[in-house]
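Participant: Using the hints, put the two chains back together into the complex; each one sits in its own frame.
Chains as they are written, first to last, in the working numbering: chain A, 1 to 268; chain B, 269 to 533.
Derived by calculation from the structure, the hints in this document are not laboratory data. Each hint should be verified, as a subset may be incorrect.
[Stated by the list, open to error] To list a few chain A residues with every Cβ distance to chain B over 12 Å, as calculated:
(1) Val24
(2) Ser40
(3) Ile43
(4) Ile45
(5) Phe63
(6) Lys130
(7) Leu161
(8) Leu172
(9) Pro186
(10) Ser187
[What the hints assert, rightly or not] Partial selection, computed: residues in chain B whose CB lies under 7 Å from chain A:
(11) Phe288
(12) Pro292
(13) Phe307
(14) Leu336
(15) Phe338
(16) Met341
(17) Trp344
(18) Lys348
(19) Phe349
(20) Met409
(21) Trp456
(22) Gly474
(23) Ile494
(24) Glu495
(25) Ile496
(26) Ala517
Values in this document were obtained by computation on a predicted structure and should not be read as measured data. Glycine residues also receive a C-beta, built at the ideal position from the N, C-alpha and C atoms.
What follows is the residue order along each chain.
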Amino acid sequence: MKSRILPGFRLSLTYTLIYLGLIVIIPLIALLANITINISAIIEIVSDERLVSALFLSLRTAFISSFINAICGLAITWTLVRYKFPGRQVLDAMIDLPFALPTAVAGIAFTALYAPNGWIGSFFSSIDIKIAFTEVGIILVLIFIGLPFVIRTLQPVLQDLDKSLEEAAYSLGASKFQTFFRIIFPSLLPALLTGFALSFARTLGEYGSVIFIAGNIPNKTEIVPLLIMTKLEQFDYIGASVIGAMMLVISFIMLLIINSLQSWAGKK
Amino acid sequence: MRNLNKIILILFSVLFLGLFLLCPLAIIFHESFSKGIEFYFKSISDPGALQAVELTLITVLIAIPANLIFGLMSSWAIAKFKFKGRNLLITLIDLPFSISPVISGMIYVLLFGLQGWFGPWLIANDFQIIFAVPGIVLATMFVTFPFVARELIPIMEEQGNDQEMAALSLGASGWQTFWRITLPRAKWGLLYGVILCNARAMGEFGAVSVVSGHIRGKTNTLPLYIEILYNEYNYVAAFSVASLLALLALITLIIKHLVEKKRCQ
Numbered sequence: 001m002k003s004r005i006l007p008g009f010r011l012s013l014t015y016t017l018i019y020l021g022l023i024v025i026i027p028l029i030a031l032l033a034n035i036t037i038n039i040s041a042i043i044e045i046v047s048d049e050r051l052v053s054a055l056f057l058s059l060r061t062a063f064i065s066s067f068i069n070a071i072c073g074l075a076i077t078w079t080l081v082r083y084k085f086p087g088r089q090v091l092d093a094m095i096d097l098p099f100a101l102p103t104a105v106a107g108i109a110f111t112a113l114y115a116p117n118g119w120i121g122s123f124f125s126s127i128d129i130k131i132a133f134t135e136v137g138i139i140l141v142l143i144f145i146g147l148p149f150v151i152r153t154l155q156p157v158l159q160d161l162d163k164s165l166e167e168a169a170y171s172l173g174a175s176k177f178q179t180f181f182r183i184i185f186p187s188l189l190p191a192l193l194t195g196f197a198l199s200f201a202r203t204l205g206e207y208g209s210v211i212f213i214a215g216n217i218p219n220k221t222e223i224v225p226l227l228i229m230t231k232l233e234q235f236d237y238i239g240a241s242v243i244g245a246m247m248l249v250i251s252f253i254m255l256l257i258i259n260s261l262q263s264w265a266g267k268k
Numbered sequence: 269m270r271n272l273n274k275i276i277l278i279l280f281s282v283l284f285l286g287l288f289l290l291c292p293l294a295i296i297f298h299e300s301f302s303k304g305i306e307f308y309f310k311s312i313s314d315p316g317a318l319q320a321v322e323l324t325l326i327t328v329l330i331a332i333p334a335n336l337i338f339g340l341m342s343s344w345a346i347a348k349f350k351f352k353g354r355n356l357l358i359t360l361i362d363l364p365f366s367i368s369p370v371i372s373g374m375i376y377v378l379l380f381g382l383q384g385w386f387g388p389w390l391i392a393n394d395f396q397i398i399f400a401v402p403g404i405v406l407a408t409m410f411v412t413f414p415f416v417a418r419e420l421i422p423i424m425e426e427q428g429n430d431q432e433m434a435a436l437s438l439g440a441s442g443w444q445t446f447w448r449i450t451l452p453r454a455k456w457g458l459l460y461g462v463i464l465c466n467a468r469a470m471g472e473f474g475a476v477s478v479v480s481g482h483i484r485g486k487t488n489t490l491p492l493y494i495e496i497l498y499n500e501y502n503y504v505a506a507f508s509v510a511s512l513l514a515l516l517a518l519i520t521l522i523i524k525h526l527v528e529k530k531r532c533q
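So that you can see chain B by itself, here it is in the shape it has in the complex (with noise of 0.2 Å):
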């Protein structure tokens, strides 16, 4: 009885992981290789995607930065001390995790857009964040700005004050405190939030979609390019371009699995 229902379980366990996560990711491969290695090589060196490959490093080397510094500050002080409406700013840190992505790219076409806030001014000073880069990267920052003060938070919680207690009162400076003591022991928390973070920046889709304005040649991320390619009916180079991607996603998948065994020792 046992181990019927085991294997029942176990069966059933494979068979909708299989049909859910493996098959979708096998098709991928699939397509992109069924015009031949030749095409995928021509599909992923295309100008165009090179291009889209530039302006998706470009976004995370600024997101990923921001939003480490924002983790690492903010943890500090939602970690380390109890203050009033405490939990308040943790649920406003939440907040981007659970909004549309449409949403959090067209709040910045409000703000910065022609007919927003700061359009008129930004049309004076000559200076575009609308269907141009930094539209691209802040609404990149938006929807990754949780993702390392997230980890961030419970570890430092978990390992209290006391090591940093007895660094000050031997004489260490608050910085001194930090690299050597804090930073050390959440460097595992750390590094999944980042790639959490990376893998979301290189990733989202419609909150760029939004702000992009899908210029080609200058405003595509790697998920707008391929969307563009699959519009135009060219789906084996679309499935090429994304084959990266998915690639990327493997990496991450094992990169995490590793950092976790890590911190589990």
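In isolation and in its complexed conformation, chain A is listed as follows (with noise of 0.2 Å):
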């Protein structure tokens, strides 16, 4: 093998796969191991209303803040690409701001702007429309998490795409509109997925800035996250693992679909 000629190999490795062991590896063994109870437990654990509202809570605003963003975040990524104008430097360094903002101020903030006392809530509450403590709150602070997932991840691509393509198609006689949807659009497709699929594996797990602004009364506003939490203090560990497992499995599949997007995206 041609590569081993540099040194340092098995150092690095082992020293790699010791740490991940003990960080990362090991506990999340001892989570699955936790689960000590037989399947019919696990199943009434799984089945519990709360736990389902809960679930179903967390995939919908999961999503729906997801899907917006990858549309959003589309048009925003064009913006930043492809048009020069003044603050867009600005804006450029910006979109990394909830990378860079702690989850906790974030949801302070947006709890701030969106309570019917809030800047924002309280006009809205004036048309009696309540947006904080609401699943709409959540899906509001979802949004502001997982944006710099779709932006980031379509970024580069989009610069990168070869405009002699777009224009081949211009000259052709495409419409503006046919040369989106059949030239531009199908090569950024992989990236979108890709954005799409990290900013909800991102924001199905989000705890901190959710807790906030979503009032969490059990049934209506409890995130996944938070019942577990909720398990914990009460020391039901045994309840906490299996649906920490639960989201684990769900976490895993997110990896496996965003690894085979960004395969599919290289070879694109």
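Facilitator: Structural data, given as structure tokens:
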């Protein structure tokens, strides 16, 4: 093997595996090993009404916010890559704010904005619409959390997109609309789906920002991570482990989907 | 037609980003100064706040170097060599990114908590991990685990092995090659990873919340302290402390922007 000429393979790989094992793998196995109950007891925990409604809420809000991010993120990425306008660089730099701003800070800021007496919430409450402490509030804060995943995945792909294809389409008489949906969109689709999946995976497990704005009413605005937290506080470690394992399985499936999307995008 | 599209899209982007990014940022600073500048400084110099700053810094000072060394080691192994299971290894390194923060904290409670695997042994030896500083550090290490490695692997892969080979063939040792060739060429990616790692480590909430036990003046990091103030309806103080983290986020963005510019040159 040619590449083995470089030294340090065994040292670096051994260190990587040990550290990965200690920090990530063993603790995750501990979670699975903690489920020491039989199948029927597991089914009982999983089919609990409160958990089912929390799970649907988490899936629904993660899906809707990621979908909105995919659509709006595409428009914003297009604007940032294709147009020059004053303030573009500032906007571009701002996109990463959700990565840098702690989730708890985002949570209290969104709650303050959308509470009935907040800057934006007071307007909506005057027309009798409640945003904070409802599902809409959760979706709004998750849009914030997931936005950079879509934009930062799309941006490099759009930047590298070969403009000559578009120009060829124009010169052959295609309309703007046709060019976008037949030429540009198909080449962006893998990246768009990857961004959506990354955003979905991240927002599904989000905790810090959501608990402030959700109101956390059981069966209504209670998300799965909060339910795990509640079980832990009641020292119901097995119940928490079962729900945690369920979330882990979903995370792992998402990771596999993201990886295959990325290799698809790489082939394009 | 072209201009109309352009104007609509720019307007939409500015409005959307203004609503979702600028408004939250603006309200943090607005709320924190709503009782005047004196109250602001009193809130951020409160003993509880100072204690939270201290613990946050301790956590970061352990978590970043640990993940930095791991990042260097793993990217050397993964980017410079081809081996079986390489893709699986990359997936496993990415794992903490897609795991809910609550689960990231919970796994350590299950290991080191009272009822956990090592719980009885820890009690016998009078060493506390959960509801204490070591647990907070561990949970932070977990959630920031992939950051440096994730930035370094693609960069080192792209740079290939040619320069390292040249150095070795000219008689440099492995370490010399690493310090003089590999590291300088990857330094911007490294810095970028560390900045992101730092931002996440200082701001992590869910994972730390599970392991901390919220012991005031003992196991509060800044985000946990904000939660306590907020739940005590001490909103202005909560926003004052939050403004420190918002400031840190802005600094992070600026450094990141500068690093990206350097890297493009």
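Participant: Hint compliance check: list the failing hint numbers for this structure, sorted ascending.
Facilitator: 1, 13, 14, 21 and 25
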